[in-house]
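Based on the hints, put chains B and C in the right spot on chain A.
Protein chains in written order, with this note's numbering: chain A, 1 to 338; chain B, 1 to 369; chain C, 1 to 300.
Just so you know, these hints were derived from the structure itself, not from any lab. Nothing here was measured: the structure is a model prediction, and the numbers come from that model. Backbone N, C-alpha and C define an ideal beta-carbon position, used for all residues, glycine too. Where hints are given, some of them may not hold.
To be verified - No more than 30 Å apart at the CA atoms, straight line, and that leaves these computed lysine-lysine pairs for DSS-like: (1) A:Lys144 x A:Lys96; (2) A:Lys96 x C:Lys229; (3) B:Lys291 x A:Lys79; (4) C:Lys211 x A:Lys314; (5) B:Lys333 x A:Lys128; (6) C:Lys211 x A:Lys290; (7) A:Lys93 x A:Lys32; (8) A:Lys128 x B:Lys291; (9) B:Lys291 x B:Lys348.
To be verified - Reference excerpt, derived from the structure (chain A facing chain C, CB under 7 Å, subset only): (10) Gln56; (11) Pro86; (12) Gly87; (13) Thr90; (14) Thr113; (15) Asp116; (16) Ile117; (17) Leu187; (18) Phe308; (19) Gly318; (20) Gln319; (21) Asp321; (22) Glu325.
Chain residues, written in single-letter form:
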Amino acid sequence: MPNILISDPTLRDGNHAVRHQLNKSQIAGYAKAADAAGIPIVEVGHGNGLGASSLQVGEGLLDDRTILKVARENLTHSKLGLHVMPGFATINKDIKAAIEIGVDVFRVASHCTEADITQRHIGYIREKGREVYGVLMMSHMASKEILAEEAMKMESYGAEGIVIMDSAGAYLPGDVTERIAHLVSALTIPIGFHAHNNLGMAIANSIAAARAGTSILDGTARGFGAGAGNTQLEVLVAVLEKMGFSTGIDLYKILDAAEVAEKELMKTIPSIKSISVVSGLAGVFSGFAKHVERIAGEYGVDPRDVFFELGRRKVVAGQEDLIIEVAMELAASGKRRS
Amino acid sequence: MKEARVDRVLEDCRQVLGDAVDALGGLRGESVLITGGTGFIGSWLAELVTFLNDHHDFRTRLMLLSSRAHLLIDKAPHLATRKDITLIARDVRSAIEIPSEVGWIIHAAGNPDNRLHASDPAGTIDVIVSGTTSILEASSRLPNLKKFLNISSGLVNGPQPFDLDSIQESWYGGIDCSSVSSAYAEAKRIGETLCAAYRSQYRLPIVNARPFAFIGPYQSLDRPWAINNFIRDGLLGGPIRILGDGETVRSYMYPSDMALWLLRILLHGKVGLTYNVGSPQGVTLRQLAEKIASYFPTNPRIILGLALDRGVRRSKFVPDVNLPQKELGLDLKVNLEEAIRRTILWNKEQSKKRGVYQTIVNDASTNEE
Amino acid sequence: MNANKLKVAIIGSGNIGTDLLIKTLRSTFLECALFIGRNLGSPGMTKAGSLGVRTSDLGIEAILRDPGCWDLVFDATSARDHRYHWSLLENLKKIVIDMTPARVGEMCIPAINLDTCRQSKNVNMVTCGGQASIPLAHLIGKVHEEVEYIEVVSSIASRSAGPATRISIDEYVETTEEGIKLFSGCARSKAILILNPAQPCINMQTTVFAKVKDPDVDKLRSLIGETVKRIQIYVPGYQLLVPPTLENNRIVIMVKVEGLGDYLPRYAGNLDIINCAAIAIAEQYAKEHLTQLHAETRLK
Chain A
1 MPNILISDPT LRDGNHAVRH QLNKSQIAGY AKAADAAGIP IVEVGHGNGL GASSLQVGEG
61 LLDDRTILKV ARENLTHSKL GLHVMPGFAT INKDIKAAIE IGVDVFRVAS HCTEADITQR
121 HIGYIREKGR EVYGVLMMSH MASKEILAEE AMKMESYGAE GIVIMDSAGA YLPGDVTERI
181 AHLVSALTIP IGFHAHNNLG MAIANSIAAA RAGTSILDGT ARGFGAGAGN TQLEVLVAVL
241 EKMGFSTGID LYKILDAAEV AEKELMKTIP SIKSISVVSG LAGVFSGFAK HVERIAGEYG
301 VDPRDVFFEL GRRKVVAGQE DLIIEVAMEL AASGKRRS
Chain B
1 MKEARVDRVL EDCRQVLGDA VDALGGLRGE SVLITGGTGF IGSWLAELVT FLNDHHDFRT
61 RLMLLSSRAH LLIDKAPHLA TRKDITLIAR DVRSAIEIPS EVGWIIHAAG NPDNRLHASD
121 PAGTIDVIVS GTTSILEASS RLPNLKKFLN ISSGLVNGPQ PFDLDSIQES WYGGIDCSSV
181 SSAYAEAKRI GETLCAAYRS QYRLPIVNAR PFAFIGPYQS LDRPWAINNF IRDGLLGGPI
241 RILGDGETVR SYMYPSDMAL WLLRILLHGK VGLTYNVGSP QGVTLRQLAE KIASYFPTNP
301 RIILGLALDR GVRRSKFVPD VNLPQKELGL DLKVNLEEAI RRTILWNKEQ SKKRGVYQTI
361 VNDASTNEE
Chain C
1 MNANKLKVAI IGSGNIGTDL LIKTLRSTFL ECALFIGRNL GSPGMTKAGS LGVRTSDLGI
61 EAILRDPGCW DLVFDATSAR DHRYHWSLLE NLKKIVIDMT PARVGEMCIP AINLDTCRQS
121 KNVNMVTCGG QASIPLAHLI GKVHEEVEYI EVVSSIASRS AGPATRISID EYVETTEEGI
181 KLFSGCARSK AILILNPAQP CINMQTTVFA KVKDPDVDKL RSLIGETVKR IQIYVPGYQL
241 LVPPTLENNR IVIMVKVEGL GDYLPRYAGN LDIINCAAIA IAEQYAKEHL TQLHAETRLK
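Okay, chain A solo, but in the shape it has when bound (with noise of 0.2 Å):
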């Protein structure tokens, strides 16, 4: 039986969703059901990852070392995994702290077309003899075949793997074989998967992910994070287990961590709303969504508009600033919510 190896960012991801207000009982509540069911690498942090806690895309209500020290805590047979990006994170300032707490897995993530700025970080991290996956981040906005040189790049620097990520939700199944199929056969380490909800294919997406030959998927418990959220991670594994890949979960007690999600992490379970499937047709970063609504409301410009404009203008993970001028720029065109 084929292995899937599990990587669960409830407590990053999801802190998208919550505007990154994760607190520490939520923190110890979920990893420690997490770590119960056996989910091999358990990712916790700011929603945008290590270092990223700004006024750009939100400030969080503990700092990164507070958030690692209650999930190291709380994690014994679980991996403590964190999600970094070169640009926000330095290696003086972020990532040394992070080894020193004990971070054991490390995905270092850049935008699809821009691995080269993770050289560094990666060779670091390898350098401290901890795990490092590279992750390509909005991979819809590159071709399978620069997808994989910048794949090849970050396998040059040391990452063990490579995730690829659709965090804008923008993909169909067709788009997801072809693409890790063609990875898949261009790389020598394992490639992985990470997907969201916008427009109700995630699920579908990380099956056809599986079967091109991925062997990484993430997954958010009741598909807590960003936007529509991801997949749902407690669905993927009954449907893997049920098509003969194997887990290594427990599928009781990830139903039970899920249980814990739902009522100690979550106001709202995730679904898609509108605001969700046009950032998804858009192909813009998941995570802008509640930015978005707000600083339209703001302006009384249409969210919808907004982001159709942000993709029009193709911004990456990050750019959150932006916002303000396209919605000014619809406010001053006259471009108001009708």
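Relative to the frame of chain A, chains B and C by itself:
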């Protein structure tokens, strides 16, 4: 602590030279230019030649050309301050006038760090192609050039088929020339063709060497090659992680053997021929990891990679060295186990000197080196 | 050599050095005595040659050998190389303008401290994001008594960021953060850099966020025009996009920098702004140097 490193390398030189000193007699009193002279190959050649000067009165003069020549002070201070070594701080691509007394050239400029090839493929190609053209041009105006040794790469002929135990100099496969990850291999390949052109058109005495893989002092452990990773993992207390199923096959030569082979190829290699330089003793990564683990008292465990059930891609990179062995009477004095042992010891001494782990990443390599 | 111009040398024949060369040639106060790189075949060296500028591929050796031919040098190499160069140049007591994140000398933001930093022999131009944002951070610091936190986000076109920029993003972030704190007096700072590959290439865009006690947006708005004008004197392509605004309890100011297109196309505003700033301080030195010279001539 400086002495410890010098001792290790001195011992290596003494051992490898053994009774081969006379065979190198052609270098006595000569001037030798090495481009990329402060890199891994250049540093070892310098160690071997200065040993011959110190212990066998060779009086060979070395010129080490490198765009970062001043870094030799940090890397090998005992070399940087010697009177028989002249540092030429120049970029090999730039128009060079080679001093007319130079009789021997080893062209080793070009950075084999594949992270650099990924981040700066354009620069990688330029250094090798423009650099090789530039040095060949300058060589063609030398009055007394006796031999020019081009350091190419075992990668020039593309990936080795897994069912081939080792690749001979005459074998060639294929590289996908439209792929950016072919930058280094393609550049080294055209480097060889350039040498053939200059040899034929300008009658230059050029011989070609294809180095494979090496492990030993002066090679930084942050290079993302399997053996470096394993040793580093071991030094950090393990576990030793193999990406893949461990059946990929590699071979490693110790640099004292490498330096001797290169000097002998320089002196006695036949003009127009290519010689592989490396160890013919293939070993799987799993075997390699086990050997390395056994050198650490903690005996770290070995972890294989993910996705083993997906049909992992295995590769091989092992040279056939019958040609240098038969024709030049070369052999390997240091076997793999010994190479590993000496490398681990050297790195332990290094980290004692620099304090745990020197982050060489902060001095990330660029194509300006 | 024109006695009415300050003689400058430029080390580093990459994009920054070559762009500086073109700006130097256009300046009425500066002239390029020597353009130095390591590779005579590089595009920058070829360009310099075609413009009739004296070139050398000897690196730092070239200016050490001929100290009489230059009074000021722009170092457009790398942080590591600059530290090495400074160790050799320090004793010459000439002026060195450091274009790298090495930060050995005093940080210079022409719109703020042009007058004071010209006393230094080593002047550091911080970073591109720093040049774009620090004048705004400084303004925020002047208007408010307590500035808790300032954050700067810069987005630049992928094509305007070469291997040298990409390998030193951490230095960029840390140097910019130092600069923000120094010139604004804020307690905490953060710098973020985003590369965007969109075609057609985007211009450099920088947003300054601030958390302050009792934000006074009206006062900021009344003063911002003057700040922007002061920058536009030496960076003509600097433009205010979003005036000081209070959004979600944070002050927001957004600016855009379009380059002059001297060497790289206009979208490389990030390169342009740091070079324009460097030329501004070099011209300031030139003006004083010439005033001094004329004074000396009059005394004879």
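Each hint, compared with the structure:
| no. | hint | verdict |
| --- | --- | --- |
| 1 | A:Lys144 x A:Lys96 | violated, 33 Å |
| 2 | A:Lys96 x C:Lys229 | violated, 42 Å |
| 3 | B:Lys291 x A:Lys79 | holds, 28 Å |
| 4 | C:Lys211 x A:Lys314 | holds, 29 Å |
| 5 | B:Lys333 x A:Lys128 | violated, 33 Å |
| 6 | C:Lys211 x A:Lys290 | holds, 20 Å |
| 7 | A:Lys93 x A:Lys32 | holds, 28 Å |
| 8 | A:Lys128 x B:Lys291 | holds, 22 Å |
| 9 | B:Lys291 x B:Lys348 | holds, 17 Å |
| 10 | Gln56 | holds, 5 Å |
| 11 | Pro86 | holds, 5 Å |
| 12 | Gly87 | holds, 5 Å |
| 13 | Thr90 | holds, 4 Å |
| 14 | Thr113 | holds, 4 Å |
| 15 | Asp116 | holds, 5 Å |
| 16 | Ile117 | holds, 5 Å |
| 17 | Leu187 | violated, 21 Å |
| 18 | Phe308 | violated, 15 Å |
| 19 | Gly318 | holds, 5 Å |
| 20 | Gln319 | holds, 6 Å |
| 21 | Asp321 | holds, 4 Å |
| 22 | Glu325 | holds, 6 Å |
Violated hints, in rising order: 1, 2, 5, 17 and 18; the structure is consistent with all others.
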